[in-house]
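> These are the residues of each chain, in order.
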Amino acid sequence: MFDTGSMAAAEQAVLEEKRASLRLVADRMAPLALARERTLPVHAALTGLFPEGGLQRGSVVSVDGVGATALALAVAAGPSASGSWVAVVGDPDLGLAAAREAGVALERMLMVDPSGDRVGLVLAALVGAVDVVIVGQRARVRPADMRRLGARMRERGSVIIRIGGGEQAGVDIGLRVVEHEWAGLGVGHGVLRARRVLVQAGGRGASARTRAAALLLPGPAGEPLQLGTEDGKTEEGEHERGSDPRRLVS
Amino acid sequence: MSAVRTLVAWCPDWPVVALGRPLDEPVAVVHANRVIAASPKARQFGVARGLRRRVAQSRCAELDVLERDEAREARTFEPVLASLDDITPRVEVTRPGTCAFAMRGPGRYFGGDTSVADLVHERVGDALAGRTDLRVGIADGPFAAGLAARAAYPTRVVDAGESPAFLAPMAVTVLDQPELTDVLVRLGLRSLGSFAALPATDVLARFGDEGRLAHRLAAGLDERPPDARLPPVDWSVDMEIDPPADRIDRVAFCARSLADGLHERLDREGIACVRIAIEAETEHGETLLRLWRHEGALSAAAIADRVRWQLDGWLNGSATSRPSGGIVRVSLIPDEVVPARGRQLGFWGGETEVDERAARVAARLQGQLGADAVLVPEHRGGRHADEQLTLVPASTVELRGRSLREDDEEAPWPGRLPSPSPSRVPADPGTAEVLDANDRMVTVTGRGLSSGSPTTLVVGRNRHAITAWAGPWPVDERWWDPDEHRRRARFQIVADDGHARLLTLERGQWWVTAVWD
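Order-wise, the sequence lines are chains A and B. For the first sequence, this note's numbering assigns the number 1 to the initial residue and increments by one for each residue that follows. For the second sequence, this note's numbering assigns the number 1 to the initial residue and increments by one for each residue that follows.
Okay, chain B solo, but in the shape it has when bound (with noise of 0.2 Å):
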């Protein structure tokens, strides 16, 4: 049984367009620390994907930073989406910037592969405006027509039946599965076409069910073989909104609430959801309907977060496309269900109970007091207590089986303190005063000299001895840049109240950096 043909249209660099970006200048959209996407400029310095932001930094200077907005990609995306409308209604969202559908229909209709192809560049074309160009592949199954969109310029048809060569010279990492494929390198398969000569059944003994499914992929088959269950009672889950809402504040809760019901649906039937249609009923009667494919089983945080861009997406688009009136319903329908594979929750490592409560914990708290109020450690590097590790929103990353990198645990920062580091960095420091034997300020020549052995430490009302010191250790930071630029001197301080701290002395005025209570 051959795949399903599919049309896949892939704008590139979305997540720099959506933030509204020209291409022509560098700049790289960062997600948890690592950068997700660079405009082709950026990437002619060496910028890609999967970087820190400190190394992309370092290879190009002028480099632009920002954070990644996905409800704001998903909303640009909207306007794309709807050009395509009036050749099929079923387009299905796999990622913002990349949408599928399936070509029986449309290439019947508008006769044949190269037309729909010509149209969707016309259509899309206006949508984008020369924001980002488009890349249409036209193949056997979404897997060999992502890759032709991605080998497309500007457009890629495979003829039917010819995926499995298109695939087969291909090196294995294109299946996204570094564990697997990095196991594929070293037995010697490294082209797909190497490893979808295996046998199905020796493959599925070794590799077991991800396994199998890649090798489908590999052979140019439908991810899915054809499912024998029963068509499924009705899943979906849908909400009445009243009175009609018009604003996304006003549906965005209802996402969350329907996500969690489906769910829990679809738990309970050993099923999980790989595309779903999320559908908006206005008070005129219009009805709106959008697919949304994951690689993956969507999640219920997954769908919740879906629900809501689509509708932003709905209610913030131009005024030609905009519903006329309010929302009133809206429901979700479970498109296409797997077997739900059952996380095995690890017994050493890796994914296992105590990370799934506590993501939960940290899911709950952040829908209760903010996306930011609930913050995990991540490494940034740096010569200063405060600057080693930093503290991000617990939603920017993924908190089951989480590992902090430590790759740039060896990298050298001169100038740093070494062990014990203090274990109180408040984050806005607070003044003092460091006076030597005659209730003179200790100052620091240009020199790095301190003026004087300091006698007296005062924080507050308080006046302490100092029973021990050294110092001064001298940092002159970002010379070059004139804003940046810091010079200051740093003390460790004993006094006799017992604590030691860390002093620091910038442009005449000193400061309690650090306390080691």
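Bound conformation, chain A alone (with noise of 0.2 Å):
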């Protein structure tokens, strides 16, 4: 019974995966760029916080709060998953085990970690020949270096993602994890299984509306789920996944 769940939901995932590569090339091979169509895709669970359904082309995303490294890689798995580059800029020490469980292809991902001075110059190289550029609090950008960018960003269509940067000028659509709680830890028993968030976003333009996503960010294996639909097998099915931390290793 758990096999053919977990077999169906491979095959979900693979036709998803296939159909996010076709828009890719649907997105590419169109010869007029409708602002809907200039849009990379994003994962399912993340939908409905963009106006767009996707993560438009050209924006800045900032995310915040307790969980904002989680949101910034499920953001980015959409789009990775899809065959976009990503670079994770002035963060080396994001976990890659949890990127490649959030649905990041490991395979097309760089690091860059630039000393303060080198981060205009990584950034505007990066713009244009990566999809997504995640970066990181270490990394601080000038605003003067974010306008300049800016305009760069919206011709080649390049989508940044700052971690911790809500409050910076020129963010188009803000995500924020305004409500968290860990689920599977007792006292004293259990195992981090999934964290429940409530994710708001507010912007500028088309994203002013503000919208908001429960989520499990990360799920069980790691990826972003959406709330409501999977809650009940979420919490009790497939419990077993790695091997028990608790044996003691020789």
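Keep in mind the hints are simulated off the structure, nothing from the lab. The reader is advised that the hints may include incorrect statements.
Unchecked claim - Here's a subset of chain B near chain A, in silico, CB distances under 7 Å, partners left out: (1) Val354; (2) Ala362; (3) Leu365; (4) Ala385; (5) Leu389; (6) Thr396; (7) Arg400; (8) Arg402; (9) Pro420; (10) Ser421; (11) Ala468.
Claimed, not checked - From the structure, some residues in chain A lie toward chain B, with a derived Cβ separation under 7 Å: (12) Met109; (13) Met111; (14) Asp117; (15) Ala125; (16) Val130; (17) Ala221.
As the list claims (entries may be wrong) - Pulled from the structure, derived: some chain A residues nowhere near chain B, Cβ distances all over 10 Å: (18) Leu15; (19) Ala97; (20) Gly219.
The C-beta atom is built at its ideal place from N, Cα and C for all residues, glycine as well.
Assemble the dimeric complex from its two separately framed chains, guided by the hints.
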């Protein structure tokens, strides 16, 4: 029973991935770029947070709150799964295993950790060459650099995700984790299984209306899940995913 | 039309020799986590090319694993090439460790294949000074000669016209085209002879251009049919260096721009370069020339690498072979060109335009910030969050059409924490304190029991109440090695600031090893 469930899920995932890459190809071949077509696909669980149902190319997304890193990875997962490259600037501590579980294709990922005065230069090079650039908190981007980048991004269609960049100027969509609660860990027993979060999105222009989504971020397998649809299953099902950490290792 | 009679000289295990290691010790040279060369001693233990670093280490515990250094391989090979200079001026380097030259002139002058082979052995033997042995193969065409060198001990001469017969019994895998040979084997064509027996037109129809070239090789012909195109206009590029440079760091910069210039020019003509002559002129009028060949077509980066290696080899050679003055001019002459096969950009995967752009920007940033500035994830395997995947410099892997090896995904790592994995894994973890209800530090006994239940977490100056926790999960790793031995106990702790952390107790000190942010 459990097997067929996971197989169906795997098939679903494959189908989803194929659809996403088809969208990307269709996107690339479209002769006329309508605003809605100039989007990058996002993970199915996050579509409700974006007015176009996808990441608008050329936009700056900020992620804040407890779980900002997981949220940044979840946003990057959609484009990455459909063939885009993801570059991470100024965040050398990012958990690679978490990135993979979130759905980021590690074979299309670059990590750069430039010294303070080189950040502008690195971002200018990356924007246009890779579709998604995650900017960590360690990378200080000057507002002047950001303005210069803005024009280039709109022209080239790259997206910047800033971790902890909510108060900065030039942000088009701000995502913030407003509620969060871990599940699975008790007092002296259990293991971290998933985190329920409520994410709010707000911003300029089309995204001015506040949107919200309840998610599992990360879900039990590390990937974001929409709450409400599979809630009951994720609580109980598939308990033993990894090996038991409680076993003594020698 | 028969192939050009060629001599190939091959120094086995060159990557190991170049690093200055004796061959009777177990040594393996790795590149991008794969073994690319191993010393004979290591091979006795079953260390073979293509193995992962960890597998190689598990087959031979005292194996010395070294990172590949291509520049050094090329530099140390230069004296070997220089020793052949008075046999023929046109020695071409296939790769460091293997060189070839056409036999037509030398064969006549020195009186036959065997005498040239003896001469090569004598000259190169002096240059190698016993570091490794030398194999010499002579046959029609570089492909057959290369295989003859591999079959040689120490010399193998395949008589003129005998190359097809020499190649016929060999397995098709020597073509080194896995996709093609895989199909051939499944079709029942296991030897080069049976593949060569197919009509050329049918091979072209079924396998395309690459198949046709492989078919020509298998039949003992030259890889490329004679080119009917007009002799090229001069495609060479050169650069003056002023003031004359006598150190590699002062000429290295020109390698890249020359290579880019040449590549762009050839690109416009729709051709690619398979053999390139690198020529340098010194202030005293000496001219140095060396040929480099590449199995595929040379990309701009590959040309730049070879130019840098070659200049390094000349400038850092022994006192007798070093040029007497600084280098004033460097030129690149495309010596053999083929029509560019025009890389088809993949539709669903493989080489795509996005990969190409990402690879270009990675190369650019490496040029600006240093070779190690751009990192990419690579599998390593392990039980801790910071061990399962690691970062390697982007220059050590091929970014186009890259796929991460997943083969140790199923390997059991007892004690590994189940997913979700932590989203922050600091390279140097910070310290913390975990206190029980009486504000005493929580410790773990030798039997893996905690002294009390954690209630307070102190990170820096902040005190957090602990809302949920589990542990201890002890790990006792590498107890057989006193230097690497680590005993740790891990706890998952959720504090009232909402963060879940992985806390580790080691030698009486608590560390924040990872955070689920």
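> Decide, hint by hint, whether the structure agrees.
Consistency of the hints with the structure:
With a least beta-carbon distance of about 6 Å to chain A, the hint placing valine 354 of chain B at the interface is held under the 7 Å criterion. Hint on alanine 362 of chain B holds. Least Cβ distance to chain A is approximately 6 Å, under the 7 Å limit. This hint holds: leucine 365 of chain B has a C-beta 6 Å from the nearest C-beta of chain A, less than the 7 Å allowed. Because the beta carbon of alanine 385 of chain B sits about 6 Å from the nearest beta carbon in chain A, less than 7 Å, this interface hint is met.
Hint on leucine 389 of chain B holds. Least Cβ distance to chain A is approximately 4 Å, under the 7 Å limit. Against a cut-off of 7 Å between C-beta atoms, the interface hint on threonine 396 of chain B is violated, since the closest Cβ of chain A lies about 13 Å away. Against a cut-off of 7 Å between C-beta atoms, the interface hint on arginine 400 of chain B is violated, since the closest Cβ of chain A lies about 11 Å away. Given hint, arginine 402 of chain B at the interface with chain A, holds; its Cβ is 4 Å from that chain's nearest Cβ, closer than 7 Å.
A least Cβ separation of about 4 Å between proline 420 of chain B and chain A falls short of the 7 Å threshold, and the interface hint therefore holds. Evaluation of the serine 421 of chain B hint against chain A yields a held restraint, the C-beta minimum of about 4 Å falling below 7 Å. This hint holds: alanine 468 of chain B has a C-beta 4 Å from the nearest C-beta of chain A, less than the 7 Å allowed. A least Cβ separation of about 6 Å between methionine 109 of chain A and chain B falls short of the 7 Å threshold, and the interface hint therefore holds.
Annotation: interface hint on methionine 111 of chain A holds; nearest CB of chain B at approximately 4 Å, less than 7 Å. Proximity of aspartate 117 of chain A to chain B is violated relative to the hint, the smallest CB-CB distance being about 11 Å (cut-off 7 Å). For the restraint placing alanine 125 of chain A at the interface with chain B, the shortest Cβ-Cβ distance is roughly 5 Å, inside the 7 Å limit, so the hint holds. With 7 Å as the threshold, the beta carbon of valine 130 of chain A comes within range of chain B, its nearest partner Cβ sitting at about 5 Å, so the hint holds.
The criterion of a C-beta within 7 Å of any C-beta in chain B is met by alanine 221 of chain A, whose closest approach is roughly 5 Å, and the hint holds. Taking the minimum C-beta to C-beta distance to chain B, about 15 Å, the non-interface status of leucine 15 of chain A holds against the 10 Å cut. Against the 10 Å criterion, alanine 97 of chain A falls within the reach of chain B, whose nearest CB is about 4 Å from its own CB. A beta-carbon of chain B comes within 10 Å of the beta-carbon of glycine 219 of chain A; the shortest separation is about 7 Å.
Violated hints for the displayed structure, listed by number in ascending order: 6, 7, 14, 19, 20.
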